Amino acid sequence: MSYQIEKALHREYEAGFVSNVASDTFPPGLDEDVIRRISKMKNEPEWMLNWRLKAFRIWQKMEEPEWAHLNYPKINYQDISYYSAPKSMADKPKSLDEVDPELLATYEKLGIPLHEQEMLAGVAVDAVFDSVSVVTTFREKLEEAGVIFCPISEAVHKYPELVKKYLGRVVPQHDNFFAALNCAVFTDGSFVYIPKGVRCPMELSTYFRINEQNTGQFERTLIVADEGSYVSYLEGCTAPQRDENQLHAAVVELVALDDAEIKYSTVQNWYPGDENGKGGIYNFVTKRGVCHNNAKISWTQVETGSAITWKYPSCILKGDNSIGEFYSVALTRGAQQADTGTKMVHIGKNTKSTIISKGISAGRSNNSYRGLVQMHGSADDARNFTQCDSLLIGDKCGAHTFPYVESSNPSAIVEHEATTSKVSDDQMFLCQQRGMDPEKAVSMIVNGFCKEVFKELPMEFAVEAGKLLEISLEGSVG
Amino acid sequence: MSQWFESAIVRAEQVNDWLSPVRAEALQTLKRASWPTRKTEAWKYLSLRRLEKSEFAQQQESAQITPEIIEGLDSLDLTFVDGQLVDLPADLPAGLSIVSLQNATDSVKQWAGEIIGDIKPERHLFGLINDTLAQHGVIIDVAEGVSVERPIRISYMSSEGSEAHTRVLVRVASNASVTVIEQAQNKHNSLHTSVAEYAIHEQAELTHYGLMMGGGAAMHVAGMHFRLAQQATLNSHLVGFGSELNRLDVDVQHRGEQADANINAVYLLRDAEVFDLHSTIEHEVPHCTTDENVRGIVADRSKAVFNGRIHIHRDAQKTLAELNNKNLLLSREAQINTKPELEIYADDVKCAHGATVAEIDKKALYYLQSRGISREQALVMLNFGFINALVDEMPHSALAEWLRPILRNRFASMDVQ
Amino acid sequence: MLKINQLSASVEDKTILKGLNLEVKPGEVHAIMGPNGAGKSTLGYVLSGRDGYEVEGGSAELDGSDLLELEPEERARKGLFLAFQYPVEIPGVSNMEFMKAAVDAALEARGEEALSSAEFLKRAKQACKQVQLPLEFLKRGVNEGFSGGEKKRNEIMQMLLLEPKLAILDESDSGLDIDALKVVADGVNSQRDGQRSFIVVTHYQRLLDYIEPDYVHVLSDGKIVKSGDASLAKELEAQGYAWLQGYEDKNGAEEPVA
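Chains as they are written, first to last, in my numbering: chain Y, 36 to 513; chain E, 336 to 752; chain B, 5 to 262.
Misleading hints may appear alongside valid ones.
To be verified - Some chain E residues close to chain Y (C-beta under 10 Å, calculated; not the full set):
| no. | residue |
| --- | --- |
| 1 | Trp370 |
| 2 | Thr372 |
| 3 | Glu376 |
| 4 | Asp441 |
| 5 | Ser442 |
| 6 | Asp453 |
| 7 | Glu457 |
| 8 | Leu663 |
| 9 | Ile671 |
| 10 | Glu678 |
| 11 | Asp683 |
| 12 | Val684 |
| 13 | Cys686 |
| 14 | Lys697 |
| 15 | Lys698 |
To be verified - Just a few of them, taken from the derived set where beta-carbon distance is under 8 Å, the chain E residues facing chain Y:
| no. | residue |
| --- | --- |
| 16 | Leu420 |
| 17 | Arg458 |
| 18 | Gln520 |
| 19 | His648 |
| 20 | Ala669 |
| 21 | Gln670 |
| 22 | Thr673 |
| 23 | Asp682 |
| 24 | Ala687 |
| 25 | Gly689 |
| 26 | Ala690 |
| 27 | Thr691 |
| 28 | Val692 |
| 29 | Ala693 |
| 30 | Met729 |
| 31 | His731 |
I should point out that these hints are in silico values taken from the structure, not numbers from a laboratory. Just so it is clear, the structure is predicted and the values come from calculations on it, not from any experiment. Glycine included, each C-beta is placed from N, C-alpha and C at the ideal position.
Produce the entire structure from the sequences given, and follow the hints as far as they go.
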């Protein structure tokens, strides 16, 4: 029976094609000179370069963390190219018509048409290809509402005050090894600012694509939701199928000022490597948000890709009555390894957090939940609820749970639960007896296991997640 | 680096007895080990700073201290004072043998030499220190099919300024059963490392008490390690009071199918006490069960650490393992750090863990007060209510009855904010 | 419709069915009764292809095609339905989603077009009402947190929606109160159309008061040892199964009537 289940989970990586685009790519290697060149390519002001160089000096003194339940050969940071951009992007095309059709075709093939008339009505997209943003759609419409949505390289020029005020404030340069590296070499990413009291009129989305070989992708996203505003942001990622490992070390910073709400959803589908663990993306990502009074940050992630995932989207609940949420589905198969979870740091009074984590392990993969819930002495009446469920498919994989709970406030309540189960033969047989083939049965059972997380995804993304784990009939019952 | 650790290594070189091969091996590992810091995962929440600079006098003669009498408990008493075995019970029942480490006969040396240091996992730094330095200890052997009715009580006593390293090795042969009580009640400024290793053979049963009831400046790092063969049963009851430095590592290895381990632990901390309980359950074979219940009450400026790990190996299908940790945090200055871990490599298993941290139920407190019960008394009642189930499960009622008033006094002195 | 010839099968190397013969014609209702351990549930599992049930000999054909060679889902798509004695829970998968997938699979196998969500919803609601479950049961996880009786009704609801050719009800009456029993019986009776056949496996005669069988068979030690009409069930109710011991010794395996 479990053979059938494993077979059912085996699917091809559909985003594994390579786009034939001529690129300007730095030779591999990292030193101050490379950082100066990146900064120059982006035509950055002096302060930005200095900020990068400071981060680089910090990084040089740091050591790569080894505490995660991950096993991979040492990364040689001198073997990586830190900048690659399509040649056609050098002249900064002014409109979509000037963009290289091969680039547009790439996104088309991935199911993300960049012509506004063809797009889902309610979603604006920033398309990032290797180290540069190709295009950002619906900008005029967003500008009418006062919303800023642009590549961060552009924000550095156009909105230096906002960038200076918030960049590195949530994830400081010295935060961790990979964040420090990102601070030094980040190339592009999205910048979002939602003004006071504005409810962003559409979903914002960034689609990351790694194309060039031997390059790392180091994008940086900064989202600031001013007082009383709301934004829902989506992130997707894919990469070609290659035999080498490629490094992706991103930083995402969220700032939710008083009464603001940010909903951040990710469907991560980087190339996972083949069944034997050859190739695939090393995904080392730092994502963190800070909540001011009455603010809310909700992270939802569906992690199906990458050879290695090291990722802990977190919330600093600094303001009173603020809320943090983390909903996660992590599916590992083949030789994939994931060590993912969240940190909920309760500082303000009456803060609340919810963690729902669903890990599915198949093949020879290892899937770990690692989380921290911290109740500071100031966090009167704070609440946390954590539920971690693991589903094992086959007897060659591993499912692990490492939850840290630290409390020093007697009025705070922390509840953590974890369970482990498998897709049972009885469940499979019931589905088959009702006429479903094993593939359908598995995807249905796995979908059911993930339901609490999927319902948190915005509609447009639920479909994409569904495609990865098979579409559900959710919501069709009257 | 720690002065104390350096001196321990120097002293270890000088120990010479029949266990020298074991000691030499441990010393090699120890020399490669680094002294734990806050970045060492196993010592993340427990500072060793107090020990680092400590110096202890080498005790030539053991002080005259005797363990408290537990009324109604007809036990076979063994007492360590400042690391020396001062009291061995006479008139042992048939099938039970108790010998000191130093007086072990050749036949005892033969079997004991093979398993000593082998049940205890190598990763414990203080376990290695104990391997090299523990010159006094006791070897207990329960013969096949023998049920020892009278519990064996091992008391660990220390005097002011002493350093002690003691070793206990227990073999419960197949179909045998025995109760072993390990009890520490030191309050003096002292250091004690105690390591106990238990080999529980086929269908044998061990009832175990680990009463870590020291306090004050008494530093105690203890290891209690159990290996279970097929259909063996372990019932362990642990009590932790904490001191300036109090650490207990519990390891259970399921090596035979259908072995069953039940662990109940309570830690009840007040003042500035620190208690760190690490438990690791290794499920290496199929069809074994583990049920671990840990409850803690943490008051005043005290700090509790609980790290409970369940590791299900690839072959351990049909494992049932459950771990539950509940905590009451009574004070703003107190701290709880808990980490229930699961590491699972087999798919057909039922595993769950849960952890909660909460305060005392204010509504219940108010309810009791509204019935005319004083606040202090109400708190004692509610604290008791929280751990009673675990005390009730202690099979030796004399022990439970002896324990209750001690707990009551402890609760009465705790403050609730 | 169904032809079983000398069927033998084992579970974990223990032979449970020992040369069972049975023929069910279109529109017939056959009751299979017998003591615990006779192999009643095994018959349903073997016919529907459950893992771990090894066929040792004999044959079983549904409308001329060899059932035993097919995957469980292929048997289901040929119109074989098993109402489980102990329906399993599938957390998070809604009943609605589950049944739509099942109905779609059945339609696809017949070369018919899938139902629109609206049409399916209409039918599902109707079936739900017919088995007297509140409509919210359509949204709830498959059997998740259902009581024993609710699970049995849920099985009947699935049968109503799937409209099988042959339905095997495995102790669908066990643990039911009289009202629930009637719901189950009404569900079955509403589907009796002269073409659809049923095998009703039960320990007690009670269910047969409401579902009138055409034939009653007694299964003992893996074989059908006695067959008759509905009156046989009443006889069994009065006598129990104790007589079987002696009966077998005297008569050996008797050829079934049907």
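Here is what the structure says about each hint:
1. Here the hint on Trp370 of chain E is broken, as its CB sits about 19 Å from the closest CB of chain Y, past 10 Å.
2. Contact between Thr372 of chain E and chain Y, as hinted, is not supported at the beta carbon level, the nearest pair being about 14 Å apart and thus beyond 10 Å.
3. Interface hint status for Glu376 of chain E: upheld, as the beta-carbon distance to the closest one in chain Y is roughly 7 Å, under 10 Å.
4. Evaluation of the Asp441 of chain E hint against chain Y yields a violated restraint, the C-beta minimum of about 45 Å exceeding 10 Å.
5. Checking Ser442 of chain E against chain Y: minimum C-beta separation of about 43 Å lies over 10 Å; hint violated.
6. Restraint check, Asp453 of chain E versus chain Y: the minimum CB separation of about 26 Å is more than 10 Å; hint violated.
7. Annotation: Glu457 of chain E was flagged as interfacial toward chain Y, and the flag is violated, the nearest CB pair being 19 Å apart, outside 10 Å.
8. Interface hint status for Leu663 of chain E: upheld, as the beta-carbon distance to the closest one in chain Y is roughly 8 Å, under 10 Å.
9. The interface hint given for Ile671 of chain E holds, since its Cβ lies 5 Å from the closest Cβ of chain Y, which is under the 10 Å cut-off.
10. For Glu678 of chain E, the interface hint holds, since its Cβ comes within 10 Å of a Cβ in chain Y; the closest pair sits about 5 Å apart.
11. For Asp683 of chain E, the interface hint holds, since its Cβ comes within 10 Å of a Cβ in chain Y; the closest pair sits about 6 Å apart.
12. Because the closest C-beta pair between Val684 of chain E and chain Y is about 6 Å apart, less than 10 Å, the hint holds.
13. Among the interface hints, the one on Cys686 of chain E holds; its C-beta lies about 4 Å from the nearest C-beta in chain Y, closer than the 10 Å criterion.
14. The interface hint given for Lys697 of chain E is met, as the beta carbon of that residue sits about 9 Å from the closest beta carbon of chain Y, less than 10 Å.
15. Because the closest C-beta pair between Lys698 of chain E and chain Y is about 13 Å apart, greater than 10 Å, the hint is violated.
16. Interface restraint check: Leu420 of chain E against chain Y, minimum CB-CB distance 40 Å, threshold 8 Å, status violated.
17. Among the interface hints, the one on Arg458 of chain E is violated; its C-beta lies about 15 Å from the nearest C-beta in chain Y, farther than the 8 Å criterion.
18. At a threshold of 8 Å, the smallest CB-CB gap from Gln520 of chain E to chain Y is about 29 Å, leaving the interface hint violated.
19. Interface restraint check: His648 of chain E against chain Y, minimum CB-CB distance 10 Å, threshold 8 Å, status violated.
20. For Ala669 of chain E, the shortest C-beta to C-beta distance to chain Y is roughly 7 Å, which falls under 8 Å, so the interface hint holds.
21. Among the interface hints, the one on Gln670 of chain E holds; its C-beta lies about 5 Å from the nearest C-beta in chain Y, closer than the 8 Å criterion.
22. For Thr673 of chain E, the shortest C-beta to C-beta distance to chain Y is roughly 5 Å, which falls under 8 Å, so the interface hint holds.
23. Interface restraint check: Asp682 of chain E against chain Y, minimum CB-CB distance 4 Å, threshold 8 Å, status holds.
24. The interface hint given for Ala687 of chain E holds, since its Cβ lies 5 Å from the closest Cβ of chain Y, which is under the 8 Å cut-off.
25. Checking Gly689 of chain E against chain Y: minimum C-beta separation of about 5 Å stays under 8 Å; hint holds.
26. Taken as an interface hint, Ala690 of chain E checks out: its beta carbon lies about 4 Å from the nearest beta carbon of chain Y, inside 8 Å.
27. A least Cβ separation of about 5 Å between Thr691 of chain E and chain Y falls short of the 8 Å threshold, and the interface hint therefore holds.
28. Evaluation of the Val692 of chain E hint against chain Y yields a held restraint, the C-beta minimum of about 4 Å falling below 8 Å.
29. At a threshold of 8 Å, the smallest CB-CB gap from Ala693 of chain E to chain Y is about 5 Å, leaving the interface hint in force.
30. Because the smallest distance between the Cβ of Met729 of chain E and any Cβ of chain Y comes to about 27 Å, over 8 Å, the interface hint for this residue is violated.
31. Taking 8 Å as the C-beta contact cut-off toward chain Y, the hint placing His731 of chain E at the interface is violated, the least distance being around 33 Å.
When each numbered hint is compared with the structure, violations occur for hints 1, 2, 4, 5, 6, 7, 15, 16, 17, 18, 19, 30 and 31.
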